[in-house]
Every structure is written in C-alpha cells, then in structure tokens.
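K.L.:
Chain by chain, the residues run as shown.
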Amino acid sequence: MTKHVFLGGSLIILGMAAAVAGAADSPASLAARYALEAGVPVSALSAPRGEALFRTEHAGRNGQSVSCASCHTPDPKQAGKTRVGKQIEPLAPKANPERFTDAAKVEKWFRRNCTDVLQRECSAQEKGDFITWLGQIK
Amino acid sequence: MNYLLRGIGVVATVGVVSMLAFSLPSNQAHGDDGGNVLPRLTNKAWQQECASCHIAYAPAFLPKASWQRLMGTLDNHFGENASLDPATRADILKFLETHAADAGTSQMGRRVMQGVGAKDAPLRITETRWFVRKHDEVSRTTWSRKSIGSAANCAACHRQAEQGVFDEDTVRIPK
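Top line first, the protein sequences correspond to chains A and B.
Going by the numbering used here, the first sequence opens with residue 1, and the numbers climb by one from there.
Going by the numbering used here, the second sequence opens with residue 139, and the numbers climb by one from there.
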C-alpha cells in the first residue's frame with residue numbers, strides 16, 4: 001500500500017516536472033532557436049554584437065535619437081520606464097528570472113521595439129546576439 | 139469520525155459558496171459611487187497587454203468609435219508600435235466596446251459622453267471635455283513634473299487608479 005502511494009506520488013511529481021520543462025523557454029533555448037533560424041551555429045552568436053545593438057543610437061520616428069537604453073536604462077540589471085512612466089522590469093535574466101522564458105512574448109517585444117528603435121524588424125541573428133549578451137551578464 | 143467528516147463537509151461547502159459569491163459579480167458593476175469609482179472589470183488580455191506600458195485605461199473613458207480607431211492603429215500607437223496578434227486584438231476590442239463610455243454600463247461613461255459629440259471619436263482620454271473640466275485646476279508645470287511625466291500617468295496622482303478608484307480622497311499630487 002505505502003509502496004503504491006509512493007510510486008503514484010513520484011509519477012505525479014515527475015509528470016509535473018515534465019510539464020513545467022515542456023512549457024518554459026530559457027535564454028539558452030531561445031538563443032539556440034534564433035541561431036537555427038539564422039542558419040548559424042550557436043557559437044557564432046556574439047555577446048559584444050548584442051551589446052552594441054542595445055546601445056547604438058538611431059534616429060527615431062520623431063527625429064529624436066533613440067536606443068534600447070532610452071527606456072531600459074544603460075544598465076540592463078536596472079528597471080526602466082515607459083514613456084508614460086510605468087516601470088519596466090529589468091532585461092537581464094540575472095536581475096529578472098522571468099525574462100526570456102516565453103517565446104511568444106519575446107517575439108512580440110522584438111517586433112514592436114525593433115520597429116520603434118531601428119525602424120525595421122530585427123534579424124534572427126540580431127535577436128540571438130541580444131539574448132546571448134543579456135544571458136551572460138552576471 | 140462522523141462529526142469530523144461532517145465538519146469537513148460544512149467547511150468545504152462554505153468555502154465553495156463564498157468563492158462563488160466573490161467571483162461571480164467580477165464582471166459587473168458594484169458600487170459606482172457617484173461615478174468616480176469604476177465598475178471592477180476583468181479581462182485577462184486587456185489587463186495583461188494594455189497594462190504592460192501604461193495602466194489599463196478603463197473602457198468607460200472613451201466611446202466605442204474611439205476604441206475602434208485605437209485598436210485599428212496599434213502599429214503606430216501615439217508614436218510607438220503596440221501591435222498585437224489578431225485574436226488578442228479582437229478579444230480586447232470586444233471587451234472595450236462592451237464597456238465603452240456609450241455602452242450605458244457605468245456612471246463615469248455617461249459623464250464622459252456628455253462632452254463627446256455623436257460623431258466624435260477622440261483618441262486621447264486627456265482630450266475629452268470631461269477630462270479637461272475635471273483637471274482644470276492642475277497647471278501645465280504640475281503635469282510636467284518628473285514624478286508625473288504626463289497626463290497619461292493617472293496613477294501618479296490617483297493612487298488607486300489601477301483599481302478603478304478615482305474619487306478625490308485618493309488623490310495625492312507628488313512633488
């Protein structure tokens with residue numbers, strides 16, 4: 001009897017663990033996905049290129065200079081602020097473990113923010129570089 | 139043993155009944171409080187998506203025609219790309235239309251509509267005559283304080299704005 005309960009319990013725990021693992025993305029799994037999409041090995045993704053993407057200023061829609069850091073602050077471990085003053089949780093997974101754990105959310109924000117900052121969508125390689133840089137911040 | 143089981147039964151029943159009692163009216167008005175407290179509304183997509191950049195502005199602040207214009211131009215939302223996938227967009231628009239200022243579901247909406255012409259579809263809540271009249275004592279320099287930023291930041295002064303509470307007692311203008 002106790003053996004059955006034990007076995008049953010273990011199976012439930014295993015099942016839950018599998019469900020959680022299946023649902024969640026991680027910075028590493030997303031970087032790997034973008035590398036695949038770009039047709040390059042994961043080792044070809046570059047943290048320095050990702051950081052440059054974050055910091056480079058561009059001419060925004062209204063002519064003003066804009067970069068990712070304009071809203072996210074120059075330190076990705078700090079919280080940023082939207083234009084109307086709402087807090088943006090930090091980008092770096094080290095400071096905000098929820099970052100890069102939901103592929104759909106990641107795609108949504110790349111689509112929106114690359115269009116706002118670069119006036120075009122980001123390439124898969126750029127997205128991979130970006131996540132690689134943020135993922136290695138200690 | 140029997141009493142124990144019965145006790146558990148009673149506790150469970152009370153728990154379920156009270157949970158139902160608290161969860162059922164969540165989509166309806168309770169206590170419109172003279173028009174300055176909004177009906178508590180729940181729509182997951184509205185709360186999640188709209189509130190990622192600003193507070194989830196209540197549907198009662200603009201008429202249906204405004205929400206249709208807004209939700210139709212999300213790729214340039216006041217200068218920013220706020221585009222959504224079509225299913226989420228449709229879900230949020232339907233919710234906004236159902237509870238819009240001209241839907242007749244809130245006192246606040248009726249007041250907003252008093253200053254909106256039949257063919258008007260303002261895009262900014264801050265441009266409605268109702269908003270302007272309500273804030274006529276707030277100076278331009280106050281709006282531009284760093285702690286406020288702009289008139290779009292309701293929660294800077296209306297401390298319970300995210301709960302739909304806008305009555306005067308809850309207002310505190312930051313320095």
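Bear in mind the hints are in silico, worked out from the structure with no lab data behind them.
We treat Cβ as the ideally placed atom computed from N, Cα and C, and that holds for glycine.
Warning: the hint list may mix true and false statements.
[As the list claims (entries may be wrong)] Cut-off 25 Å, straight-line C-alpha distance, at most; resulting in silico cross-link-like pairs (BS3-like, lysine-lysine):
1. B:202 with A:81
2. B:232 with A:81
3. A:86 with A:108
4. B:272 with B:202
5. B:284 with A:77
6. B:284 with B:257
7. A:86 with B:257
[Stated by the list, open to error] Label pairs and their computed distance ranges (CB to CB):
8. B:206 with A:97: 36 to 42 Å
9. B:283 with A:97: 51 to 57 Å
10. B:190 with A:62: 41 to 47 Å
11. B:277 with A:44: 52 to 58 Å
12. B:305 with A:44: 55 to 61 Å
13. B:308 with A:36: 32 to 38 Å
14. A:44 with B:273: 24 to 30 Å
15. B:267 with A:88: 49 to 55 Å
16. B:227 with A:61: 19 to 25 Å
17. B:301 with A:36: 17 to 23 Å
18. B:267 with A:36: 22 to 28 Å
19. A:36 with B:236: 41 to 47 Å
20. B:206 with A:120: 27 to 33 Å
K.L.:
Using the C-beta atoms of residue 44 of chain A and residue 273 of chain B, is the stated range 24 to 30 Å upheld?
P.N.:
violated, 55 Å
K.L.:
How does the Cβ-Cβ distance of residue 283 of chain B and residue 97 of chain A compare with 51 to 57 Å: does it lie in that range?
P.N.:
violated, 34 Å
K.L.:
Residue 305 of chain B and residue 44 of chain A, beta-carbon distance inside 55 to 61 Å?
P.N.:
holds, 58 Å
K.L.:
Holds or violated: 49 to 55 Å for the Cβ distance of residue 267 of chain B and residue 88 of chain A?
P.N.:
Cβ of residue 267 of chain B to Cβ of residue 88 of chain A: about 33 Å, so the range 49 to 55 Å is violated.
K.L.:
Can the restraint linking residue 272 of chain B and residue 202 of chain B be considered satisfied, given a maximum Cα separation of 25 Å?
P.N.:
holds, 21 Å
K.L.:
Taking the Cβ atom of residue 227 of chain B and the Cβ atom of residue 61 of chain A, is their distance within the range 19 to 25 Å?
P.N.:
Between residue 227 of chain B and residue 61 of chain A, where Cβ atoms are some 21 Å apart, the hint holds.
K.L.:
When you check the alpha-carbon spacing of residue 86 of chain A and residue 108 of chain A, does it fall within 25 Å?
P.N.:
holds, 19 Å
K.L.:
Assuming the hint says 52 to 58 Å, is it satisfied by the Cβ distance from residue 277 of chain B to residue 44 of chain A or not?
P.N.:
holds, 56 Å
K.L.:
For the pair residue 206 of chain B and residue 120 of chain A, does the Cβ-Cβ distance stay inside 27 to 33 Å?
P.N.:
With Cβ atoms ~28 Å apart, the hint holds.
K.L.:
Within 25 Å, alpha carbon to alpha carbon, are residue 202 of chain B and residue 81 of chain A?
P.N.:
violated, 30 Å
K.L.:
Confirm or reject the claim that residue 190 of chain B and residue 62 of chain A have a C-beta distance inside 41 to 47 Å.
P.N.:
violated, 22 Å
K.L.:
Could you say whether the range 32 to 38 Å given as a hint is met by the Cβ separation of residue 308 of chain B and residue 36 of chain A?
P.N.:
Hint violated: Cβ distance 51 Å, outside 32 to 38 Å.
Against the hints set out earlier in the document, violations occur for numbers 1, 2, 6, 7, 9, 10, 13, 14, 15, 17, 18.
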